[in-house]
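Whenever a hint applies, use it, and build me the whole structure from the sequences.
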Amino acid sequence: MVEVPPPEDPEAALAAVVALRRLANQLERAAVDHALRQGWTWAHIGQALGISAQAAHKKLAQKIAQEKDET
Amino acid sequence: MRLPRTIQDMRTIKMLLTAAETEAQQSGDNLPGPEHLLLAAFDLPDGTARRAFERAGTDPAGFRAAVDEAHQQAMHDIGVHVASAGLPLPAAAPAGGIYRLTAPGQEVFQAAVQLAKAGRRSPLRGAHVVAAVADQERGTVARALKTLGVDRGALSAAAGEVLTGR
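Protein chains in written order, with this note's numbering: chain X, -6 to 64; chain U, 42 to 207.
Quick caveat, the hints were computed from the structure, so don't treat them as lab data.
On a predicted model such as this, the values are computed, not experimentally measured, just so you know.
Backbone N, C-alpha and C define an ideal beta-carbon position, used for all residues, glycine too.
Any given hint might turn out to be false.
[What the hints assert, rightly or not] On the chain U side, residues computed to face chain X include the following (Cβ under 10 Å):
id	residue
1	Gln66
2	Ala102
3	Ala111
4	His117
5	Gln177
6	Thr181
7	Arg184
[Unchecked claim] Derived DSS-like pairs (lysine-lysine); straight-line CA-CA distance at most 30 Å:
id	chain 1	residue 1	chain 2	residue 2
8	U	Lys55	X	Lys56
9	U	Lys55	U	Lys158
10	X	Lys51	U	Lys55
11	X	Lys52	U	Lys55
This is the structure:
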């Protein structure tokens, strides 16, 4: 269970926010890479992430070195 | 051939920012921040960033792991336990050379450039980046340094000593 840190310790809470964002970014990139390999379209990835296909592509396509794009 | 300082600085800046961008991509961060600039500074050919760390009594090779540990600890503190320190990330696209930084990253970069300008005949070197990040009281670098048991003031002093050849 996630324990919300007491407000009197903003240092711990803010550091956790940064770490969780980083973890979310890592998870997002790994999951999108797998989805693409499994043949997902950017439209479906966008739907799954709750953003548009264009937004998903813009945000993530550059971050994933796709072998399929190079071939 | 001795290159004029401005050209030398431009080369250093390009190396530093490209490497920082690659570091950020590899760790899953959106933009390079102070920790990525510092990791990039360790790889600059002048070697002063590494020497500053060694002078402050710590191995620069341990900094990357200290960043991961600081993030793990931050999540642990709120009860989030992640089994592995970093997911196996897909290979990142090569750095695009847009040279965007986080706001703290910009502060560190600008401070490092200012420190280099203030030093007589001193081109921008890795230890300027070390001195600039050591000034940041909060954030990932400050937490990672704490993990390593490195005092920010001592690190800043070590960077100054390396830069002045003392």
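Exercise for the section: Against the structure, test the hints numbered earlier, and report the numbers of the ones violated in rising order. Expected result: Result: hints 2 and 5 break, sorted rising.
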